Amino acid sequence: MPEESISMIRAVSPEPSSAEWGSEGYFSAKLAVSPSSDPFFDYERNALQRRRIVLTARFFAAAVRPGGRILDVGCATGELTHALSRESRARETVAIDFVAEMLDVARQRHPGIRFERVTLPGLPFDDASFDAVACAEVLYYLSPNDRRAFLGECRRMLRPGGTVVIAANSGGGAYLDQREAAREFGISGFRVVASRDAYLGLASWFLRGLRALERRGAGSVTAYRAFHRAAVRSCGTVQLLESVGRAIPLVGRSHSFWALQPFASMEGG
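Numbering follows numbering that gives the first Met the number 0, with no gaps: position 238 of the sequence shown is 237.
For the record, the hints were derived by calculation from the structure and aren't laboratory data.
Where hints are given, some of them may not hold.
Across the chosen pairs, the derived CB separations fall in these ranges [claimed, not checked]:
(1) Gly188 x Ala28: 36 to 46 angstroms
(2) Lys29 x Ala127: 28 to 38 angstroms
(3) Ile186 x Pro110: 35 to 45 angstroms
From a predicted model like this one, the values you see are computed outputs, not experimental measurements.
No residue lacks a Cβ here, since even glycine has one placed at the ideal position from N, Cα and C.
Start from the sequences, fold in the hints, and give me the full structure.
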């Protein structure tokens with residue numbers, strides 16, 4: 000890919016640049032100015048994002064025991080939560096977020112799901128009360144100390160043999176450093192059973208970049224258009240996604256962890 004195209008992509012990629020990034024005001028402002036009820040996923044209008052949410056929900060749902068109970072952390076407007084409750088065989092799905100306006104939208108759109116307002120790292124749930132915790136694109140908003148405290152709360156709250164499944168933009172800096180995150184899982188008493196990079200969000204970030212460039216009246220957007228056409232046709236051009244993701248690590252790249260809460264017989268083993 001030409002360096003000029005990579006530079007344009009970096010210019011509109013979702014790298015944090017404000018001290019307000021991740022605050023309640025940051026999310027409330029996003030929701031207030033968005034024509035969509037989900038300003039981050041744009042689920043209603045973006046077919047690629049709808050596909051991404053379904054695939055993420057299936058990935059998370061595989062961690063849930065039949066008849067189990069799952070907690071979705073950082074649910075925003077509840078689109079992933081809704082997909083997760085549909086795709087999993089869980090008895091109950093509970094979702095939490097700390098932005099009241101987001102939760103109002105979630106409750107209105109998905110009245111059959113229990114949504115609660117909770118500020119991390121604390122989790123106000125009983126010990127051993129969940130079989131799985133799902134957490135998408137949240138960890139990098141937490142400080143290292145808060146991440147460790149949150150993982151400790153997950154371990155307390157999970158039943159023996161329970162699973163925490165986490166996906167978060169990686170690349171270091173303000174985003175998640177996967178090596179540090181893996182170490183934090185170990186410190187918190189989890190056993191990481193799977194870990195890999197995924198690029199499901201990359202095509203949608205390219206589309207977002209294309210829109211931003213067109214609004215700016217920028218130069219050639221041929222690279223964006225060609226990529227987006229290819230991504231829409233195949234919805235899974237893995238080699239292309241991964242090669243671009245390596246070149247531009249902050250665009251649409253997530254690192255996923257599956258970590259296991261050890262059974263009592265495994266403690267100290």
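Quick rundown of the hints versus the structure:
1. Gly188 x Ala28: 36 to 46 angstroms: holds (37 angstroms)
2. Lys29 x Ala127: 28 to 38 angstroms: With Cβ atoms ~36 angstroms apart, the hint holds.
3. Ile186 x Pro110: 35 to 45 angstroms: Holds, at about 39 angstroms.
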